[in-house]
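Given chain D, work out where chain V should sit, using these hints.
Spelled out, the chains give:
2 protein chains.
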Amino acid sequence: MTDGDDDVPLILTWDDATSGLLQDDENGVGNYDIVNNVAIPTAGAADPRGQNSLCQSWEMNYQEAAIYLQEGENNDKFFTHPRNAQALRAYLFAHNHLFYVMELLTAVLLMLLSLSEAPAVPFLRLDVYVHATLELLALVLVAFELCMKLRWLGFHTFIRHKRTMVKTCVLFIQFIEAIVVLVRQTSHLRVTRALRPIFLVDCRYCGAVRRNLRQIFQSLPPFIDILLLLLFFMVIFAILGFCLFSANTADTYFKTLEDSIVSLFVLLTTANFPDVMMPAYSKNRWSCIFFIVYLSIELYFIMNLLLAVVFDTFNGVEKMKFKSLLLHKRSAIEHAFQLLVSRQRPDGVSLKQFDGLMRFYRPQMSARDRFLTFKALNQSGATMLSLQDFYKFYEVTGLKWKAKRSGEYWFDDLPRTAFLIFKGINLLVNSKAFQYAMYLVVATNGIWILVETNKLHEGVSWTRVVPLSYIIFLTIYGVEVLLKISGLGPMTYFSSGWNLFDFSVTVFAFLGLIVLAFEMEPFYFIVVLRPLQLLRLFKIKQRYRNVLDTMFELFPRMASLGLTLIIFYYSFAIVGMEFFADVVYPNCCNTSNVADSYRQINVTFGNGTKLEEGYYYLNNFNNILSSFVTLFELTVVNNWYITMEGVTSQTSHWSRLYFMTFYIVTMVVMTIIVAFILDAFVFRMNYSRKNREPLGDPEGEKGIVFETEVSQTEALHTLDLYKHTFGISSLSSLQDMCVALERSEQSSLVFLGRRSRTKSDLSMKMYEEEIQEWYEEFSRTNLQPDETFHRDLGSPEASATDSIN
Amino acid sequence: MTDGDDDVPLILTWDDATSGLLQDDENGVGNYDIVNNVAIPTAGAADPRGQNSLCQSWEMNYQEAAIYLQEGENNDKFFTHPRNAQALRAYLFAHNHLFYVMELLTAVLLMLLSLSEAPAVPFLRLDVYVHATLELLALVLVAFELCMKLRWLGFHTFIRHKRTMVKTCVLFIQFIEAIVVLVRQTSHLRVTRALRPIFLVDCRYCGAVRRNLRQIFQSLPPFIDILLLLLFFMVIFAILGFCLFSANTADTYFKTLEDSIVSLFVLLTTANFPDVMMPAYSKNRWSCIFFIVYLSIELYFIMNLLLAVVFDTFNGVEKMKFKSLLLHKRSAIEHAFQLLVSRQRPDGVSLKQFDGLMRFYRPQMSARDRFLTFKALNQSGATMLSLQDFYKFYEVTGLKWKAKRSGEYWFDDLPRTAFLIFKGINLLVNSKAFQYAMYLVVATNGIWILVETNKLHEGVSWTRVVPLSYIIFLTIYGVEVLLKISGLGPMTYFSSGWNLFDFSVTVFAFLGLIVLAFEMEPFYFIVVLRPLQLLRLFKIKQRYRNVLDTMFELFPRMASLGLTLIIFYYSFAIVGMEFFADVVYPNCCNTSNVADSYRQINVTFGNGTKLEEGYYYLNNFNNILSSFVTLFELTVVNNWYITMEGVTSQTSHWSRLYFMTFYIVTMVVMTIIVAFILDAFVFRMNYSRKNREPLGDPEGEKGIVFETEVSQTEALHTLDLYKHTFGISSLSSLQDMCVALERSEQSSLVFLGRRSRTKSDLSMKMYEEEIQEWYEEFSRTNLQPDETFHRDLGSPEASATDSIN
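Residue numbers (the working numbering), protein chains in the order written: chain D, 564 to 1368; chain V, 564 to 1368.
Take these hints with a grain of salt, some might be off.
[Unchecked claim] The calculated lysine-lysine pairs, modelled on DSS-like cross-linking and capped at a C-alpha distance of 27 Å, are:
(1) K1322(V) - K892(V)
(2) K1104(V) - K1322(V)
(3) K1173(V) - K846(D)
(4) K1328(D) - K892(V)
(5) K1104(V) - K818(D)
The set of hints was computed from the structure by calculation and includes no laboratory data.
Just chain D, same shape as in the assembly (with noise of 0.2 Å):
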């Protein structure tokens, strides 16, 4: 178990002797200069010391490296890195996955405890006492959390935090306010409940949506100049329509200043147009410029202008994100390199050093996988990995390697007459000619599925009946599927997102013949996916191939998006909940002019009695999954002034505060989300232009590949290596690898490595002038890439979000 060479590290962590030392550290950099590439040994490296010790002082060495490596991973800024020895042992009990399930879970249980609490889903009510202890034990369990990271961080840095800050105080709220439940065995008025995402939001898997909060609220301030702007205009018109409708005594929306600009404020939606217009159209026909001139220059033009400047910040937004992320991941690096340099070798990292760094930051990797990353990071072919190697660490960490196949064909191993067999289906799975027929096999049931159900009548429970086309259809799709699977072999056909597809809906399809012949009631609901196979026809153009890939890669970042969204719905909806519970029901709203969509009558025709229904008091705040619905209707926003009404109508005419905030809240978050869909698209299609590559090449080959060689020679002398360093056991996939060297009678294995092709690589190609000048200004100014961040961003908004990062 000792090392073969006397190496020392030229730096020495958490190191007793030095600990005293880093202490007094306090500008949240690190605890020496390494950006300047100049090594100062600290105080105490000098001492001469036993191996053991010296081994022990590498695996420090190793574990700080790979927790910088962590850090530039997450974008965890330095100023939070571990210290000394103990916050380190905290450091690891709150860095895992186990940890951050339990972080998770803890969130997810207090969000849903409002399922539970009154006014609760009827059937997930639960007693007072049951779910207010739930709540106490997962606060209990958050304020454990919170100790750790205290541990960890010190005193002094965790108030520093503001996130933590802000969710230590919220966590005393909860924690005071479910002990007074508990006590008074009542719900008071809680809603501090819709505080709550703050612990979701914090968890360690929801970073994307911490970022796409920080992303909303740095283009705030121009989206609220452009609002005023808005409401300005509105104002103004609402002064102006007063004066010019109140006469009109059969117009109800202009009465009073106060219905002018809720009438104004309603038709900026449009939610109440033409209506809004009619009883002064009415009077006098020349009254509609008003409302065409309003509506012009609001819909038209100042709202157009909100997405253009929301827009525009956003472009600057990411961009800036990317450099700061870029140079933040090169300082770990920086900060990384230079644990693992010796002190007899400092401009070099040799394969035992980046092996030791690589067990702490992937514990799951092979000794094999560790060794094909050492190859491929080090292309110079020296035998250490230079800082310059070194930088291009995080683009080789994600790779999967797998040995280059020599032949083409999964079947080629097989005895010669199922080669022959398996090489037919290959060649007519690939021909264009089989492809063709799908697509017309495909089209003929789309067309069948129309004519069919166009023949169906009204009422007739279409899922009962099985046609007989359904069955011979589906019978060729498994065919396909089948045929697919044995030309193509398991592993290629499975990597296509397309043949995914083809095969899950096919899977369903069959499901469903399952479901209809047991005749299983609650899953018919899987036959009716039937018309999804003809989603397959969009694969015979190209645009609308790039249309669906850039869709699915965009699918992360959208999930993200609307995990957000559902957050501002969670407290919204907590809100509604306590104020206007069960205020709507049937016939609730006569003295209001929407009462018409709350009636809920008996209407008496010549054959009989029939329920005449308005319906709209469904959509109510009685319980969280109804507000969630309710929330939904107002986003789409028609029609939701008859919400709004029919709630003001019951509770006081500031009701309509909640309604409006809620409006421009979903406004911001919309705004958002199609200037992402704008800029991601825009993105993709100038990536592609500028690089000639057409967008989404037809089969597989996307993605990063990286080659290695390695010879027999080199194997056999890695493997000696680390037999040395670790003994036998767990040596496994490196001797394998021997062994396939050996049998195939070559010098040498090629091995690849893949990984799919992030946003990053993609910007990393767009930006690439860019990022050398990104370098350059680094290593001059020698800034903290956040601080850069800040600068160029230039919003004093915008570095104080940032730093709750």
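Chain V in isolation, oriented as in the chain D frame:
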């Protein structure tokens, strides 16, 4: 009248000797190889000729050069260039403002006729024979214009010019129909009236509308692709919806597959949400998932995708258009240059030739300005203009020249006392304190108006009350305007858009007072404009100034987009009137499920009878003005299905096609408008970011300024030269300059040429680097710029639509 020297033009144009030759030339480029800068004397040019003939041929050359430059400016293709003296006469006849105005008026008259044709606007109704005769008259005028064009273009070119051919066909049809109407003395189903806007679009003054239309057509292919995706998902969801909800008898939205498709189409526009969901939702709460998923995919994803794709295309098209225009202008300049150089000195244009050109190109320009323009171009100081100098031709022709004032203020020449007073006023109005005091006054005024309006009771005719505060505030504004005008001088004052705005609002307010004093009923609306004063508050913040400045810059383009929209409206209005005139009336649509909106009943309350109205019968196609209002309502999209269902219930369900087509067309135009606003703003912001220039500097100094110094000897020399050429008449401007020079007792005078900055100037700066590449490519490949344009766009549609220019 004879030249002092005997320079011979390098090329002789429209000469009788050469005209025979030119007629055979069919390749459309022109009649000589010019782009290569190789001067190939045409046959006949070598003939020795007398002075007089020489002078005449110079005049001809000037004229053709001016025509080339005009073609470059207007983006007319060179294949429509007049080829011989006869074509020239027709060309000159058809290319002056009188002719253009006639063209425009004829087109407008034709379009306005629809006000008086049945179904006519009541107070504008004309007898059939009157409006048919008017129409015939207008059509004869159009025919006459076309004849002139035929003479100028020649038959071959005429039938190659697609737009003209389309116009001819439409003219022919309209002619026959107008005669039929006259003979039958009644109107038949004249849907072809919808084609009338073609005459307007073809007008010289409507070039911007043509460009918009072309841009719309160019954005269509990607738009249609995404639209298909949208419709595809709609059909899939319609099938699903039909399967899921048709069993519910209370649900009228999904009864048949057609109902289902229509409901989801309307849902796409959100106009029937949440009503369409309610029956299903009231039966099963989980059915809301169907609608949420549908809206998320269609409305929030694909619709934004549509915008992204259009925006991207738009972006590319804008740049390519700029490139094409730039190269076309360059090519025009090269053509003109070749016509202006003499055989003796083939690489320079002398002042005499330049002056000759300008007399044709800008007949209104004074001799002094022509001379100053020459000086501005001639920056090297040589006696001749090189081709490089001449390339800047379009940048300097629009300049307005003025002698640079020696002093700073307009009151410099006044006596001492007056000077001091005005100087004091000047200092006052330029002080920050004065500005902020005025902002304070405006803000107070705003609050005052709000409070006062709020205190008024409904029904009080606010317009007839003149509060004292109004008079006080108005006095303050009046004094401010007077102070500013006297302090800054009228010229400086009115050169700022903001001051103009202040001035006009104040003047309007005074007019309002007068209106009140004399109780002139019809002008009461002026009084109502009071709150517009508040708009001045937005000068405080830089961002608002930027936004409003950009708004003013965008205004011409926005207006042309508006006009484009109106043209679409016109066509749809005609079709709507032909099919749906008088189909809806109060209480008409009792069979449909929107009957409520068309109902008009007397409801008896405790205290009397009240008319309860649905008002939607007002949204009809009974005449063209009502149709426009109805179409605007359809554009705003909210509740549009009520109009659609009303009309459908009175006609056939094919009527829906009209409304859906209209929705899609306006969606295209609106998306283009959004893309345009986005593009313009982002471009503007990028521009100011790139050039480190604050967006919209506070006062003046915008626009392009050229400076030229004229010495006394130069001036006298020029005067001498001009006298030689034209005699004394029409040289007053030059003489004035000489007098001014003598009076100023300085050896030289500096003149400033100013013009406002156009989008083209901004683009020049934005694409600086690329422009050089374009030029190089242009001179290398020697392609016609229009061809380059098509090649870059690479879409067949683009070239098809572009050639209609």
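Status of each hint after checking the structure:
no. : hint                : result
1   : K1322(V) - K892(V)  : holds, 16 Å
2   : K1104(V) - K1322(V) : holds, 24 Å
3   : K1173(V) - K846(D)  : holds, 16 Å
4   : K1328(D) - K892(V)  : violated, 36 Å
5   : K1104(V) - K818(D)  : violated, 34 Å
The structure shown violates the earlier hints numbered 4, 5.
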